[in-house]
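Line by line, the protein sequences give chains A and B.
For what it's worth, my numbering labels the leading residue of the first sequence as 20, then goes sequentially.
For what it's worth, my numbering labels the leading residue of the second sequence as 4, then goes sequentially.
These aren't lab readings, by the way, just hints derived from the structure by calculation.
Certain hints may be false.
Stated by the list, open to error - Derived DEER-like restraints, expressed as beta-carbon distance ranges:
id : chain 1 : residue 1 : chain 2 : residue 2 : range
1  : B       : Phe228    : A       : Thr154    : 39 to 45 Å
2  : B       : Phe42     : A       : Lys420    : 47 to 53 Å
3  : A       : Ile326    : B       : Asp347    : 50 to 56 Å
4  : B       : Lys184    : A       : Arg124    : 41 to 47 Å
5  : A       : Gly422    : B       : Leu200    : 23 to 29 Å
6  : A       : Gln329    : B       : Asp343    : 31 to 37 Å
Predicted, not measured: the structure shown is a model, and the values here were computed from it.
We treat Cβ as the ideally placed atom computed from N, Cα and C, and that holds for glycine.
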Amino acid sequence: MLSEQILSFADSFADGAETELRAQHNETRRASFLCGQLISNSSSDYTGVSARVRRGGVYGFSATGEYTTESVQRVLAAANSNAGMLEDRVQINKGALPPVSRGKRALTETASSVPQRLYLDACRELDQYLVRTCTGITSRTIVATSDTVEKVLVTSDGYQAHLVTPRSYLYIFLSAETGDGTPVEVFQALGGYGTFDLNFASLDEARQLADQVYEELMKKTQAVYTEAGPKTVILSGKLAGMLAHEAVGHTVEADLVLGGSVAGPMLNQQVASELVSLTDFAHTAFGQPTPLPVYVDDEGVAARDAILIQEGILKGYMHNRESARHFGAQPTGSARAWMYSDEPLIRMRNTAILPGKDKLEDMIASIDDGYYLVDTNNGQADMTGEFMFGVTAGYEIKKGKLGRALHDTTISGVAFDMLKSVDMVSDQMEWVSSGFCGKKQPMPVGLGGPHVKCRLMVGGR
Amino acid sequence: METLVQKAGIGLETLKEGGAQQAVCSASREVEREINVAFGEFSLYRTLFKDSVGFMAIRDQKRGVLSQNKVSPEDIREGALRCLEAADAADADDAWQLAPPLPGQLFEDGPLVCDEEKLFDRCQELLDQIKADYPLILIEEMYVSHTMRESAVLYSTGSSFQSRRGAYSVSLMFSAQEGDKTSSFFGSDVTFTSLDLPLIRLGSIEADLAMVSRQIHTSPTEGKFTGTLLFTPGCLGSILYACLSTFASDSVILDGTSLWRDKLGQAVADPGFTFALAPLHPDVIAGERYTAEGYLSEDFNLIEDGVLKHFRISDYTARKTGLDRAPNSDSWSFIVKPGDQPLDKLIQGIERGVLVGRFSGGNPGTNGEFSGVAKNAFLIEKGQIKEALSETMINGNLADLLVNIRGISSEVVKDGSSVLPWMAFDGAIISGS
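Only chain A is shown next, with the shape it has when bound in the complex:
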């Protein structure tokens, strides 16, 4: 575990400046087997300390991989010097940031390092299961991975925190060929918050997932191509979560609003059907911990939920301290950094569309000709609200019933147009948390939602 020695440096912070001092350790573990062959067996451990100092509205930042008394003094001096140099050069003097509440969050759990052998053993056991049960496949890959982030933070506004966030996952990829020799593949991830040894003490759930991946793959060997054009679709909870994150979430990050995102002029306007409510949860949702809870951010702000859309009305943005000052809002605790050497940026935490009242079977029954889109492997969005997601699993809907599986495709739309077409929202929701969001730095995020029925553009032939 990281030492808390940086907490004693609060007394030495420079006057007339806002200072954050952070020590951090990132640990990653990875093992992967391709068709039974071990192709990756690696781990990394990166520890360091960083300081960020704000003077006159500009920031200086410095970081080093050493975590000693001397190195803490060095990064503080360098960050002060960098801030002073930039302040002298630009002279924009925006004044001090409004203060935030003092507080303290002590370490609530430890994150012990898990032996590499456990990752390899889990992969081997699961691979043997795939060999026994999955006939007719052309390739199989299993990946076991984890990342744990530990931070100790002290700020000049008086917040102290010691936090650990572990997460771990198993991925199963299976490939087969269609009758004409075209390769098709399906993958799924399992896991979430917690260390690998605890999340995968039993592989029963992983074996069930393997069965499901195999079943989807076999259906996909008979897949049809989607027809390009505007379609009525049902998005699964995973895709609804991607929609919440990519299509809406990024446009309401306050730094992107300042950068001209489409959401800027739409505050308090109708941007979606009144069936749509969307929140970026900090640490608790529906009375349960979120997939990746954030209790305090890297600016020393206690994290709170950011209500983004309420019954179709755009209600707010996600803020750091600087953007909150600009918009006259309260910071939401959304400023996060990935490595010790990264500065905090406005990032989503656990972004979700809230469940509605409809049943999935009624939603399917309501569609004469459309698609049920189940899984995704990536997504991107734009300042304009235009988004796209890669779709890796889905089914036709014909006359109110599920039909043949679909080949991979892409869907796209303009968020605040497409959300107005939502006319059914299911009463069950699903969370995922295995990916990274990319915005200068990678960042683990949770995303989720219920099934959502809407109209959007589908790629294809």
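Following the hints, position chain B against chain A.
The following block gives chain B in isolation, referenced to the frame of chain A:
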């Protein structure tokens, strides 16, 4: 304080003493200075001092890999022991091998010292030029940096490589705005070695600013048609990267799912297409000089005159499959041989299609099928660039694209990591609302 060679030596000796028959230890130090601009104004200046040590051990044909940034002698020894533990947990596989021994090599290039004052001046100059010449452009983010990286890599075979390499880079993220209307965002990135030129003249920065300035007011594509895709050099890079991953990379060759798995020596593209991976090319900054296994990197043609000459596979995959390893493992360094017609002639020959500045799409499956949104795009009709487009999807197959090349421009863009022309491909499905 130990030198990098001494640190790598401590790690290598510990691995060997621990029973590794083959081992590698690398030690590096990186100093980075980065100027950040947000919304057109300087916002942050940061200096980073990063050390790291990497270990690879093969004991009884079992391989482990570990990296860390604790670099005291005690921490290095501890890291080496943990790497050996990881190797013990692995499966024996005799395809993990190091390269035969080579004489020691020192690589030194680029600006090793940052000219901080001039770098700030060039940033200010760029912001001023954009404000004056491209008033609709809003710089959402800009990062301008200098990085100096020193490293030492020691192999149990006796090979050793040392390097000291410096480079500048500029990365812009911007859009164009008029009232409440905004264009799609766009990114321009260039790596370079000299501050002699204004930054706006590097890579395609100026052309990108001009292009995005004309993309505020867009029209959606109506209906569906089969047409030509003309990719800008930056967009072409992402398409070629997808081709490499889908057809020529380790995983798809190792498991045999690549559509090109039996195509070595055969035509996979138009005869006018030659595609090299060339980290030693004079226009590639800080390209790879040696591989992880200890081979010296060499340039090679992946596709030459349309014929598949190599896969981009590691020494491990080569041993597993009986194929030749790729002569380098650089992740970029793309060089496409330019064509013989200027860009305007290429456009004049297109009856109906789309000029695509950025492709936003799902990762193509192993069957090569792709679909996604044409971003920062213009309609092309009867040989002329028409209005900017929105809500336009493009669909096709990567393998088919390379066969259906309509033309390659004689002009190229050099961004420090690639040298790429504009390329036009026929037979794509283009659809809108």
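Outcome of the hint check:
1. Checked against the hint of 39 to 45 Å, the C-beta distance between phenylalanine 228(B) and threonine 154(A) comes to roughly 43 Å, which is consistent with it.
2. Remark: the range hint 47 to 53 Å for phenylalanine 42(B) to lysine 420(A) is upheld by a beta-carbon distance near 51 Å.
3. At about 52 Å, the CB distance of isoleucine 326(A) to aspartate 347(B) agrees with the hint of 50 to 56 Å.
4. In this structure the supplied range 41 to 47 Å holds for lysine 184(B) paired with arginine 124(A), their Cβ-Cβ distance being about 44 Å.
5. For the pair glycine 422(A) and leucine 200(B), the beta carbons lie near 59 Å from each other, so the given range of 23 to 29 Å is not met.
6. Look at glutamine 329(A) against aspartate 343(B): about 60 Å separates their beta carbons, and that is not inside 31 to 37 Å.
Violated hints, in rising order: 5, 6; the structure is consistent with all others.
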